[in-house]
Amino acid sequence: MSKIRMAKAQDQGPKTVVVGISEDVDKLLDWLTISQDSKALKIIPIVGMGGIGKSTLARHLYDHSFVVSHFDVRAWSTVSQNYNVRKILLDLLGCVIGELTDEMLKEEDDQLGLRLHQNLKGRRYLIVLDDVWDTKPWDDARRYFPDDGNDSRIVVTTRETKVANYTSSVDSHHHMNLLKDDSSWKLLHQKVFAPQETCTPELEEVGKRIANNCRGLPLAINVIGGLLSQAKRSPESWEQIAKDKTTKFVLRDSSNCGQQRGFLKRVSDKSPEEAAEIYLKALVDRNLIFIHRQEPKGNVRSYSLHDLLRDLCVRKAHEEKFLLVKEPDGPPRDTLQLRRMSTQDTNISAKQMQHARSFLFTGAASPEILSDVVSEFRLLRVLDILGIKSDQFPEEILQLVNLRYLALSSSETLPSSISRLRILQTLIVQAITSSSWPCAVTPEILDMTQLRHIKFKGTYVWYHDKNRTRSVVQKNLLSLSTIAISQLSDKFFETVRNLKELGIICDSPSSPERDLILPHKLKKLKCSSSDLSFTDVFLSRLIFPSTLKKLTVSSCIILEGHMKKIGELSNLEVLKLQKDHFDSSTWEPTEGEFSRLRFLLLEDLNLVNWIADDSHFHGWSTWLSEVAPILRKSLLVLEKSQHLR
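Under this note's numbering, the residue at position 88 of the sequence shown is numbered 88, and the numbers go up by one with no gaps.
Honestly, the hints are just simulated from the structure, not real lab data. Errors might be hidden in some of the hints.
To be verified - No farther apart than 27 Å at their CA atoms in a straight line, the calculated lysine-lysine pairs in the BS3-like style are these:
{"#": "1", "residue 1": "K521", "residue 2": "K281"}
{"#": "2", "residue 1": "K549", "residue 2": "K576"}
{"#": "3", "residue 1": "K524", "residue 2": "K576"}
Assemble the whole structure, with the sequences as input and the hints as a guide.
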């Protein structure tokens with residue numbers, strides 16, 4: 001199965017501030033783009049201490065116009081300390097061929113490597129392996145990079161000189177030096193002030209002192225710059241930051257990021273979810289965390305944290321007895337006063353964790369470990385035990401009456417007694433094995449009026465409420481997935497009227513029996529079926545709210561009127577159609593439909609023709625003419641450029 005990805009040029013936002021590395025750039029541009037006596041593949045290591053700007057330099061080179069025009073293909077993978085060769089191969093393949101099919105994702109590592117080799121063969125390529133800590137990742141991946149004598153290049157960034165020496169194919173690798181004082185101040189100035197903004201002499205005096213205290217390390221300058229940009233523009237305020245209280249800021253903000261870890265401070269007139277977004281944005285603005293993945297509209301899907309800052313946070317968290325990350329082979333620690341613990345170790349001493357409020361188990365273990373956890377951790381507010389596989393629902397958990405967050409793996413029906421956890425806010429259940437059989441849930445679960453998020457992963461839910469005589473209005477529930485509609489009463493969605501995210505599945509023929517009015521505040525909806533033949537009336541009977549922004553329809557029959565109904569959704573921005581069956585091989589929208597659509601995915605459909613122009617998809621005219629020849633392929637992705645908002 002093949003996939004095709006089409007995307008308009010994205011507005012990448014503000015470019016990374018690059019200061020004091022012009023000589024590095026010029027030198028490496030020559031190494032990358034000027035042909036040597038030998039046209040053999042060359043590996044160029046960039047080596048230097050953590051936070052010195054190796055990744056920034058590599059990214060600047062990777063995106064440089066000379067480099068873009070010189071190489072046929074470019075690919076990037078961030079390796080990091082806990083590397084995974086499969087991730088490296090998938091990263092590189094994603095850059096080289098675009099979207100990966102489900103079949104590719106199921107391939108063995110060697111098959112992925114061979115596929116990468118075949119797609120690089122005969123092409124002049126540039127590969128960047130960023131943040132390599134050891135020689136083993138290089139050994140595992142090297143054989144998949146062909147040497148065709150066409151001036152291909154591989155850049156390796158690393159903190160370790162031994163890695164640079166091991167991988168290098170040139171006379172010497174490139175060492176990065178710390179910034180000089182004037183460059184440090186220039187970088188700090190650019191992080192704090194807008195291009196046309198001036199700095200008073202009083203602030204400049206303090207600012208230069210702060211910059212010099214960063215000892216030429218760009219990462220430290222960026223972090224301090226983020227703090228200064230949020231601080232009052234006065235010498236007194238800057239003097240406080242000059243007294244090396246950066247760690248205090250890190251701890252203060254990281255302690256506010258856990259919405260359901262019990263340490264998120266309230267923000268007036270904001271829900272906990274909105275407050276969490278405010279705190280995360282503050283961390284991004286201060287360069288303490290970085291945006292890793294964004295949706296087409298700009299909503300952040302995931303964040304990342306630099307290794308140095310993570311190490312600092314963990315170290316200070318240990319000192320402050322804020323949390324403990326316990327490794328299986330790590331040294332024993334005094335854990336008696338700790339409130340939060342994350343571990344893979346099955347030999348934990350529960351009696352030393354009597355005061356724990358948060359327990360995250362990331363390893364694999366038998367259910368017996370729960371007895372110790374429950375018997376000693378009676379004050380737990382957060383329990384994440386997805387790694388503990390249990391065929392039966394662990395009844396011991398019901399003793400933890402203070403739980404706000406529960407994530408577990410189970411194949412058993414959730415008992416009605418789960419309603420004892422009256423202040424639970426988040427419930428996540430992971431199916432132990434992939435199965436089309438649903439997990440049954442008793443109506444009592446919605447007696448838990450504090451619930452905000454319910455998610456079943458790898459399965460779907462039968463919620464039996466048709467014969468229920470009493471309905472509790474769930475004012476707090478914001479997200480629910482995935483729930484079967486066959487067992488729902490006509491009044492069900494009236495009891496969850498504040499839902500913003502919903503996943504539903506059609507699990508029986510001719511369901512629903514009558515029109516189903518979806519919650520009026522709904523923003524994200526996923527519709528699917530357990531059997532395509534069940535869905536002849538499914539979409540016809542769904543009444544979509546005008547608030548809907550993101551819609552995914554999978555494994556459904558799509559009749560002529562369905563696309564018209566979807567196209568008239570005035571706020572729809574993202575539409576994904578996957579493995580659906582159209583009753584016609586031609587899709588012809590009418591004028592004015594999909595007026596706000598920014599992202600469209602068509603995958604494994606039976607469409608042959610798509611007749612559309614700019615009156616249907618405003619701002620997409622340059623792409624529509626190119627769609628017809630590739631519509632029969634397995635995947636088409638269209639994404640509207642952000643500057644057309």
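field: Structure-inconsistent hints, enumerated in ascending order
entry: Per hint list: zero violations.
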